[in-house]
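**Q** First residue of the sequence shown? That's 232 in the numbering used here, and the numbers climb one at a time after it.
It is possible that some hints are incorrect.
What the hints assert, rightly or not - Straight-line C-alpha distance at most 30 Å; calculated DSSO-like pairs for lysine-lysine: (1) K604 with K702; (2) K553 with K598; (3) K401 with K331; (4) K401 with K381; (5) K657 with K358; (6) K711 with K681; (7) K305 with K540; (8) K534 with K298; (9) K483 with K237; (10) K483 with K731; (11) K643 with K674; (12) K731 with K237; (13) K657 with K619; (14) K381 with K623; (15) K455 with K636; (16) K702 with K718; (17) K534 with K609; (18) K731 with K246; (19) K318 with K246; (20) K643 with K697; (21) K318 with K381; (22) K534 with K455; (23) K483 with K506; (24) K296 with K318; (25) K483 with K344; (26) K344 with K506; (27) K657 with K702; (28) K609 with K623.
Hints were generated in silico from the structure; no laboratory data involved.
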Amino acid sequence: MNYLYKNYYGSGFIKNNPIPNDLDVAVGVDLGEFEYDGENPYKTSRAIVDKISTYHLYSHIVFLKSKKLFLMDKPAILKLNELERKKVSSMENIADGIEKAFNNDIQIVHSTKDYKGQNVNYTLVFKPDEIFVDDITPVFTYTSGISYNKTMSDFPRELTVVPDFYAKIKNTKTGEIKSVDLVEESFLGERFQISRRFFVPLIFTGNQSLKYLKSLDFLTNDEKYLDTRMFNYFRYVTEVQMYLDASVDPVKLLKRLHQCTDIISPALTQEQRDKIYTDIDETLSKPDIQTATDYLTIYKNIKFMTQNKFIMTKAEEFGYFKQWIVASNACLELLSKNSEYKDEVNDLLKIHNEILAQFRDMNSEIKLAELNKYLDNKDLNVYVACAKIINKNIDNTDKFMADFKILNDVFKKSGYHSMDLYWINKDTVYIARNEFTKTLTQKDILPLIKENGLPQVNYKLLNETKLLGNKKETVYVRYKSTEAENKYLKELEDKLLQDKKNFKIKRKYLF
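I would like the entire structure built from these sequences, with the hints used as guidance.
**A** Structure below.
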């Protein structure tokens, strides 16, 4: 195994974000070269999974033995058992991916998982140079000393280490070698990949990282650069829309709005950029928004501690649980000074006091499970109360709708349309009804799919706008574009390519 790069990413590196919550770190790991006889991919997949498991276990032990206190979610032996349980499904997916890679075919993985008590169906689609690795999670830990600015509250925060795995696979019969990304799922169809976080603020460290950066295909190849940057722009537009619809996490909404602006900034005027960044900065800088966000962060940390006895015991031993209680007390005291939040603070205080009461009686796994269930049931209450406090500090929500419209107009003027897909299985996809798809007939589907390079499966038009029990995949497509739309897209691509020419590694790099 060889180390390729290390980068820090997440909202903490957004310029106009005074309230970062945690720290995310990604480490590029080259697993080496593996042999494939062209017939039995399972032997190769086992070797790959064994190396991945070795890396995960080693990382876990490094954190556990560090002189600095890192609060892990489980001891090393349980981590080993977890990795062992997941080997079979991982091997099956990797074996399938190997065959697809050498056939230059896409890999389609259909899955059903529990989400908040409901089974949710979704599908992941991987390119021929991507192979799905199932259920091998990052390292989640908590530690003190994570700080981005002088105004951050001091309490233990989450540190997540995400490994990006790469490998070469050699067909011993033909001599052909495939370089592949081994892609892990992050959450219900989302995935960990460097290409999915590169065009938002992040920092690379070390000479090895600098060397790797210069080899990235989406920095050296114009077509891949445009595809990757536009894909990320569309992804963040979708997330902004999702947070606008949900209305329960206004801070996350503003962070995503900022990141979306960063990605597409060359297409905006200086006046447009200044307006969006100023709107975000003026809002996130308000003290009570920072305090409510801190409280929500602490609440989520405490809830995480109630997963099992090991992590709760360690949280007490390290003094982290006490620090969170003290910090959350301080947040509620600050918020209680404003009578405008009286109802919200009272709701949060009841939950806070119940946590303390149950914790004092914490003498068994059963009691811990009861506390965890209680917090599960109170999740929405906490999010809503914090969102109400934050929204009371936002003078004019219309300005953010106007900011989003600026970003939304970029892809509309380019001739792009959003299309919500619901995968029923590996072979069948339903297309939900919206302003664009309502004008389509079944005869339009095949040429639309071919023009946009979508998977060649069975597509069916729905009359409904959504399909319950299934996670939608939003894609952005062009179809029967006008001359004006083609002209705008060409101008947009020229601006993005000009930004690529001006792109200096130091913009993303820190020794």
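**Q** Just to be careful, I want the Cα atoms of K305 and K540 compared with a cutoff of 30 Å; is the pair within it?
**A** Satisfied, since the Cα-Cα distance of roughly 9 Å is no more than 30 Å.
**Q** Regarding the pair K643 and K697, is the alpha-carbon distance no greater than 30 Å?
**A** holds, 22 Å
**Q** K381 and K623 were given as a pair; does the straight-line alpha-carbon distance stay at or below 30 Å?
**A** Holds, at roughly 25 Å.
**Q** Starting from K657, check that the Cα of K619 is at most 30 Å away, please.
**A** With Cα atoms ~41 Å apart, K657 and K619 exceed 30 Å; violated.
**Q** For the pair supplied as a hint, K553 and K598, confirm whether the alpha-carbon distance does not exceed 30 Å.
**A** Cα-Cα ~19 Å, so holds.
**Q** For K401 and K381, compute the direct alpha-carbon distance and say whether it is at most 30 Å.
**A** Measuring from Cα to Cα gives roughly 51 Å; hence the hint is violated.
**Q** Is K483 within 30 Å of K344, Cα to Cα?
**A** holds, 24 Å
**Q** Please verify whether K711 and K681 have alpha carbons no more than 30 Å apart.
**A** Holds. K711 to K681 sits at ~13 Å (cutoff 30 Å).
**Q** For the pair we were handed, K483 and K506, check the Cα-Cα distance against 30 Å.
**A** OK: K483 and K506 at ~19 Å, within 30 Å.
**Q** For the pair supplied as a hint, K483 and K237, confirm whether the alpha-carbon distance does not exceed 30 Å.
**A** Distance ~25 Å between K483 and K237 Cα, so the pair holds.
**Q** Mind checking the alpha carbons of K731 and K246 for me, to see if they're no more than 30 Å apart?
**A** Answer holds: K731 to K246 is near 20 Å, not above 30 Å.
**Q** Within a Cα-Cα threshold of 30 Å, do K344 and K506 meet the stated pairing?
**A** Status violated; Cα separation ~41 Å.
Hint violations for this structure: numbers 4, 13, 16, 19, 21, 22, 26, all remaining hints satisfied.
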